[in-house]
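> Please construct the entire structure, taking both the sequences and the accompanying hints into account.
Top line first, the protein sequences correspond to chains A and B.
Going letter by letter, the first sequence gives residues 1 to 188 in UniProt numbering.
Going letter by letter, the second sequence gives residues 1 to 188 in UniProt numbering.
Don't read these hints as lab results, they were simulated from the structure.
If you're wondering where the values come from, they're calculated on a predicted model, not measured in any experiment.
Idealized CB from N, CA, C, for every residue including glycine.
Keep in mind that the hints are not guaranteed to be accurate.
If the Cβ cut is set under 8 Å, some of the chain A residues that face chain B in the computed set are [claimed, not checked]:
#1 ARG104
#2 VAL148
#3 LEU162
2 protein chains.
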Amino acid sequence: MSQDHLDARRRQILAGARTCFARFGYEGATVRRLEQEIGLSRGAIFHHFRDKDSLFLAVAEDDAATMVETVADNGLVQVMRDLAERAHEPETAGWLGSQLEVSRRLRTDPEFAARWEQRSAAIAEATRMRLERQREAGVLRADRPIEVIQQFLELAYDGLVLHLAMGRDAKDIEPILGLIEEAVRRRS
Amino acid sequence: MSQDHLDARRRQILAGARTCFARFGYEGATVRRLEQEIGLSRGAIFHHFRDKDSLFLAVAEDDAATMVETVADNGLVQVMRDLAERAHEPETAGWLGSQLEVSRRLRTDPEFAARWEQRSAAIAEATRMRLERQREAGVLRADRPIEVIQQFLELAYDGLVLHLAMGRDAKDIEPILGLIEEAVRRRS
Numbered sequence: 001m002s003q004d005h006l007d008a009r010r011r012q013i014l015a016g017a018r019t020c021f022a023r024f025g026y027e028g029a030t031v032r033r034l035e036q037e038i039g040l041s042r043g044a045i046f047h048h049f050r051d052k053d054s055l056f057l058a059v060a061e062d063d064a065a066t067m068v069e070t071v072a073d074n075g076l077v078q079v080m081r082d083l084a085e086r087a088h089e090p091e092t093a094g095w096l097g098s099q100l101e102v103s104r105r106l107r108t109d110p111e112f113a114a115r116w117e118q119r120s121a122a123i124a125e126a127t128r129m130r131l132e133r134q135r136e137a138g139v140l141r142a143d144r145p146i147e148v149i150q151q152f153l154e155l156a157y158d159g160l161v162l163h164l165a166m167g168r169d170a171k172d173i174e175p176i177l178g179l180i181e182e183a184v185r186r187r188s
Numbered sequence: 001m002s003q004d005h006l007d008a009r010r011r012q013i014l015a016g017a018r019t020c021f022a023r024f025g026y027e028g029a030t031v032r033r034l035e036q037e038i039g040l041s042r043g044a045i046f047h048h049f050r051d052k053d054s055l056f057l058a059v060a061e062d063d064a065a066t067m068v069e070t071v072a073d074n075g076l077v078q079v080m081r082d083l084a085e086r087a088h089e090p091e092t093a094g095w096l097g098s099q100l101e102v103s104r105r106l107r108t109d110p111e112f113a114a115r116w117e118q119r120s121a122a123i124a125e126a127t128r129m130r131l132e133r134q135r136e137a138g139v140l141r142a143d144r145p146i147e148v149i150q151q152f153l154e155l156a157y158d159g160l161v162l163h164l165a166m167g168r169d170a171k172d173i174e175p176i177l178g179l180i181e182e183a184v185r186r187r188s
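Laid out in structure tokens, this is it:
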């Protein structure tokens, strides 16, 4: 296979895996269901990804890469806005829900937690860099440490993830995002 | 059995069930494990609670009753403070994690979602009443609707639940709670 074919195959696997995790959850996404949703045999799938964990983490890393780009350009609140806009798609809540499902593993399986942590760390780092640029530009409030503002934004993001994963709608989210943005902005 | 005995038995069942759900998660808390943790036979347990769902929801309702009292007296941020203080107890993250586990059921099982919603509605109502009293007292910011402030606080609470359920610590939470309280307070 050429590199182009390999990349296309990888994208096909990740897209199908995401749909499968969203529909059936982490536990419910059996190898058989992954095969059906992806349209490839287990041999072909696990030629590209070591195991189900690696497949799951690769889908999460794909999200993280998109989030890092959005954070760098427009901040973590924009990530929340984008997420809320996709809330009506059934795959959104399902995929977020499958992330909640792994919370037990995150608490009890240090290797899995370390692999997940790389993803969170990339987003945290992008958020911190964006906040530092905003502080230099004088648009960020100056009376609180960067890390407090960063953790405040991450807490709000986590809250939106839980909210959507529990099947609640996000139609009234915009005024709340406005309040969050105002809370971190420099007072004029 | 006298009413006192019935109440004590009910408390014993709920305490054991909470420990069991915290240790093994919702799915992992089998009837056998519930029997062991509670120290009663399945017959005795399900004489008081119809099924595992009812037991799970009763533990959650117990939490909700405590939360409603704290909200009425000191607001939802105090609930977050109390939760963060119990974060080091292994049962805290485990029990929160078992709540994340039911997110799929909340999205797909309307009857279960309706029973869970009663719990959320009681906390939301207590929060709204507290905010209305605070607005009358002139300590709440007056430039945003009560429901926006309420949803902002609920989002932050959900964020803390997810944060702790994922096994992260809460030692640096106080400055973040300070920022949240300031964001809803009337400017002096």
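> Are any of the numbered hints broken by this structure? If so, which, sorted upward?
No numbers; nothing is violated.
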